Amino acid sequence: METVAVLDFETTGLSPGMGDRATEIAVTLVRDGHIVDRYQSLMNAGKRIPAAITALTGITNAMIDAAPPAATVMREAARFVGDCPVVAHNAAFDRKFWQAELARVDMHAPQRFACTLLVSRRLFPHAPDHKLGTLIRLLALPQAGRAHRALADAEMASHLWVRMQEEICQTYRMPRADFDLLAQIQATSRAHVPALLRGLASIR
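First residue of the sequence shown: 39, per this note's numbering; consecutive thereafter.
Do not take every clue at face value.
As the list claims (entries may be wrong) - The list that follows gives simulated cross-link-like pairs (lysine-lysine, DSBU-like), each with its CA atoms no further than 30 Å apart:
1. 85 to 169
2. 134 to 85
3. 134 to 169
Bear in mind the hints are in silico, worked out from the structure with no lab data behind them.
Please read all numbers here as calculations on a predicted model, not as lab measurements.
Using the sequences and the hints given, assemble the complete structure.
See the structure below:
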């Protein structure tokens, strides 16, 4: 059975290239449609959190001051993820922080990433938008806690990942929808996804 790691960061801003740092990380391991393990930690990267970010996430500078060093947390998170392919909602954001924070501790980040945001745009084109909270409500999936906290968002992205796998299997009568298939879907234009999946279903 395939295991994927669903990742979410909270950060001080939008870009590690502009000096922003991670403040919290969470990872869930998803196997056979279920969350089978979790990792979560705040992290102290020595970067102050702007007031607007605290208002969004609820993470304060006092919480970060008491958190373990970012280097310790990232090494633990990397060991937890291992060789699993990684999933995230708006993966371009999480991937750049994953790579930047691991580079600071001289660790490479070779994992393949899939994006639940991109896949959802192709599978649910009529959603009012493709924000994680919107999709959770639209699809009546479990709400795991406060949005913009890493573990809650990682758990909700996990539920969305499983729901999209089920959507593919049920709609196209496919026995399974693995990471590679969903990664292929996200790289395919929305108009061509149905033909792609019908063609794959005919040979599986």
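Verification of the supplied hints:
Pair hint residue 85 plus residue 169 holds up; C-alpha atoms about 27 Å apart against a cutoff of 30 Å. A distance of roughly 17 Å separates the Cα atoms of residue 134 and residue 85; the hinted pair therefore holds under the 30 Å criterion. A hinted pair counts as satisfied when its Cα atoms are at most 30 Å apart, and residue 134 with residue 169 qualifies at roughly 19 Å.
Hint compliance for this structure: no hint is broken.
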